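Make a model of the complete structure from these sequences and hints.
Protein chains: 4
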Amino acid sequence: MQSLLRQILNDVQPLVGEGKVADYIPALANVDPNQFGIAIFSNDGELYEIGDSQVPFSIQSISKVFSLTLAIKHYGDTMWQRVGREPSGLPFNSLVQLEYENGIPRNPFINAGALVVSDMNQSRFATPHYAMREFVRKLSGNPELQTDHKVAESEYEFRYRNAAMAYLMQSYGNFENEVEDVLRSYFSSCALRMSCVDLAKAFSFLANKGFSNISGEQVITQEETRQVNALMATSGMYDEAGSFAFKVGVPGKSGVGGGVIAVVPNRFSVCVWSPALNSVGNSTAGVAALESMTKHIGWSVY
Amino acid sequence: MQSLLRQILNDVQPLVGEGKVADYIPALANVDPNQFGIAIFSNDGELYEIGDSQVPFSIQSISKVFSLTLAIKHYGDTMWQRVGREPSGLPFNSLVQLEYENGIPRNPFINAGALVVSDMNQSRFATPHYAMREFVRKLSGNPELQTDHKVAESEYEFRYRNAAMAYLMQSYGNFENEVEDVLRSYFSSCALRMSCVDLAKAFSFLANKGFSNISGEQVITQEETRQVNALMATSGMYDEAGSFAFKVGVPGKSGVGGGVIAVVPNRFSVCVWSPALNSVGNSTAGVAALESMTKHIGWSVY
Amino acid sequence: MQSLLRQILNDVQPLVGEGKVADYIPALANVDPNQFGIAIFSNDGELYEIGDSQVPFSIQSISKVFSLTLAIKHYGDTMWQRVGREPSGLPFNSLVQLEYENGIPRNPFINAGALVVSDMNQSRFATPHYAMREFVRKLSGNPELQTDHKVAESEYEFRYRNAAMAYLMQSYGNFENEVEDVLRSYFSSCALRMSCVDLAKAFSFLANKGFSNISGEQVITQEETRQVNALMATSGMYDEAGSFAFKVGVPGKSGVGGGVIAVVPNRFSVCVWSPALNSVGNSTAGVAALESMTKHIGWSVY
Amino acid sequence: MQSLLRQILNDVQPLVGEGKVADYIPALANVDPNQFGIAIFSNDGELYEIGDSQVPFSIQSISKVFSLTLAIKHYGDTMWQRVGREPSGLPFNSLVQLEYENGIPRNPFINAGALVVSDMNQSRFATPHYAMREFVRKLSGNPELQTDHKVAESEYEFRYRNAAMAYLMQSYGNFENEVEDVLRSYFSSCALRMSCVDLAKAFSFLANKGFSNISGEQVITQEETRQVNALMATSGMYDEAGSFAFKVGVPGKSGVGGGVIAVVPNRFSVCVWSPALNSVGNSTAGVAALESMTKHIGWSVY
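Protein chains in written order, with the working numbering: chain D, 1 to 302; chain F, 1001 to 1302; chain A, 2001 to 2302; chain E, 3001 to 3302.
Treat the hints with care, since some could be wrong.
With a Cα cut of at most 30 Å, we get these calculated DSS-like pairs of lysine-lysine [unchecked claim]: (1) F/1295 - D/73; (2) A/2247 - E/3295; (3) E/3138 - A/2247.
Just so you have them, the derived chain D footprint on chain F, three or more residues with Cβ under 8 Å [stated by the list, open to error]: (4) 1081–1087; (5) 1096–1107; (6) 1233–1242.
Calculated from the structure, these hints are not laboratory results. These figures come from a predicted structure and were not determined experimentally. We put the CB at the ideal spot given by N, CA and C, even for glycine.
See the structure below:
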């Protein structure tokens, strides 16, 4: 495994820094693009890591998987009345599709879908973001995980497009709480700072039939685990989900902070991080590293 | 395995006939909806079957996988300049997305994408449909496979929407041959008649790293096999690909003739057939049977 | 003229009450649909009226012409950098087009466009709605004009779709003030209550090269007057602008309160009111009355 | 009048040649962009002209008004079941809107609408293009008018997008004849060659309540004349109809050959020609000339 990580690092080195760090808010724009880390956490409890694998970064959209898991734990199958399970076929923040489909977002990993999921969690928890952070601390075994409030604040300040989506869903009756409140919870969850090691551990239950070796509990059922993985496989990588399945072939989820998490069912979870993004908003070196990984292990789910 | 088939049949029986047989052309509308068959062909060469598993039916869109495989054999990776690999997020025959994306169809399994693939095969073969039929006869080990020319003729007569898509792609420079010629080849391939047994055998190379136990040859490489399966997983089931992944969890492809093929990598290929379709055009009982199957074997790729 | 009004009333009588009173907010839903009134105010200062011509009603979108006029007075030609002058070709509150056109609404008479115009007026006036009401009181010569605060409040409560549009425009940098503030001003202006007589007088400057015989001032220039009339002619009647031009042939603007104002350049302004609306949201009897009018006078601008 | 023409020529001179000659087919691309002509034909039979007013050019989309008039003469009001009367709000050859509106084009001046109108004329005439040319020869009083068959042939060769639209409409049941036949008639009508003088005369009936002083007959009724003018006013100038109404304020129709025709009801018809086009496909100098004209005469229909 360790030699696999070295091979991947070697393959990907020339791509590190290629692309553009997310700069839609100042707080994200200052990250050094020349960072790169990987961590693998296997179902038998081994941790393998290389590069900047312990540097915390803004998890951003990777948080959508945590929110979804939290909502599934409470709402089970009923939640799919408010959000779809189909790939979107359009850029991740498009209002067009939302309008044509009467306020039901296509899946929980586009922004509109994640907002509806946040709205569900808002209805359930008194302080949704603290509930979420507590949940993620337990999954990752790291009680020190912090929210970057400056990032959350800055996202809120530039909330316009997300606000537009939330209000549009409210106009279709698919929003229960105050838009402003849900936006604050949502941005706080996106602003969690975690390292590759933290994330590989926190996602390990998805590689392990829903059981977390870290927290020692069955997080969601085996069937729900397969479902979350299926959603990541079809919709986890913005408008690159199809070619990610084509080239990498395992469920994955990325964030504009440069993190990409992937799940190799029944074997391990892996997190790659490198801040410079390609044109659709996924980490250039991160996606390349996962492609290199599946080439080397000669295996994908398909 | 045989008892699995009996369980599935039992589970699905009440759904057989539920929905609506494809009736956009008269030649398809006359099929008896109360038919149901399954065939499984395992990588170790065993065949399991139940119900109407030897009744030939119109394979329709399932032919898109054969056309794609034929094109991959010749064009390799270069073919992805003319067709994408992303889910479409819109009904299978929409021109809207084609127009917004400048004539490059989203994937080879929506009609526009299949037309481009047919155009590629048209550039390569003198008589593309005969080349295709020969290819499928070898893959299925059934030299008697026939084309239903009445169906092909009838599809051609109502070709308008497909013609519109082909001409639109030609307006963007993404079409090489005469539209009318390609349409005829395309409709002929859709009009192949095959049984569940034929299809399970013909698709077995996709469950077996690209090697066909039937024809005794490596059809495409192991990597290309994973890629075709990945495409089926993200885009094989019209606008139900996501929920098919969510509920069934294996690569699949359906046709309006009521057939659904699924691939369980490294294990077996399976074909289910029942002519009555649900609202998005997939076989009602067919999809339910595959869902029942993955529940019983407690396994999906995810 | 008076006999013309009687003829129109006679023609239209059977249509009064046909359609559906706007019911998206309770405060509008209670209006008696069986009301009908017309008032004509000619350039030589004569007033002609029939039916419920002095009953005040909620002017709703007719207020968009007043807002536009107020903005033109201040911003002149520079305002067209923030809002277009083309018909929209889509229902009046669609976000789709707004997204494709990067937050620049197509014209000032769709909701998005009116919100941008309100945002301009918000930047200019300390209390925009009072400035607007004062302006309209002067134009109509009726110092008693009132705002129906219950209607404004109710619109605000169901502001979701308008909020979505405003935030979407803000995401494109085409909004200067707080969304919530502009929405309040906007809804207050829509909630002005005016009668046919009030409106015919208030719009008379548009029939009179920009000069108001009521307030005794040149409201906007002769050229600007022609421009406002041109905008009403191409975009004033929601998704019925074209057939209104086809059948009636004069600039017009309608509101969901059931009012329709029309301008016969160099001759007179006319306001018709009847609360029941057709399928695109224009007064059924109102549009029919104006059609009857142009038939009887055998004249249109075209 | 003659001095008005000199003033306009003077105003517009710097713009002649600005923009880009239509080059989507070779036969159009070779026109010298530095040409400019105007002809005015008044209701009292006077002809005024300046510049290259007698040079024939390809009338292209201006022919849509002739086709429409021909169809109205035969089908009257029934024709509006197959084509709408609303502005399109999207580029002139978009399939998107056609798909959303089930194959009913928005108006007769976008390509899809003109194809439906051509299909109507195809159902009526044995040799539709000869009927059309004969009609236009009579309207213009020029029996020598010719079709540029090279242009028609070249348009047909690049027919793809128009073919796509026609087939799409056929898929919705809104097309009666063979697509290829209608396309040939359509392109032949677009390929008529006429000068400014020819066009000003041929359009004079629209300025004159439907009566042609040239052919000495009532071409269509007075009411139909107003309707055609209304359609030109709301939809005649591609995606610039609104700002043309705003700036020029009279009904107009343009073609990619660089011609623009305008109708000043009850006074005169005017044709301007200059081949270089602006970004939406209207003659740069042509539109500017008409804007200059309405400024000088201080008059528009609004």
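Cross-check of the supplied hints:
no.	hint	verdict
1	F/1295 - D/73	20 Å, holds
2	A/2247 - E/3295	28 Å, holds
3	E/3138 - A/2247	29 Å, holds
4	1081–1087	holds (count 4)
5	1096–1107	holds (count 3)
6	1233–1242	holds (count 7)
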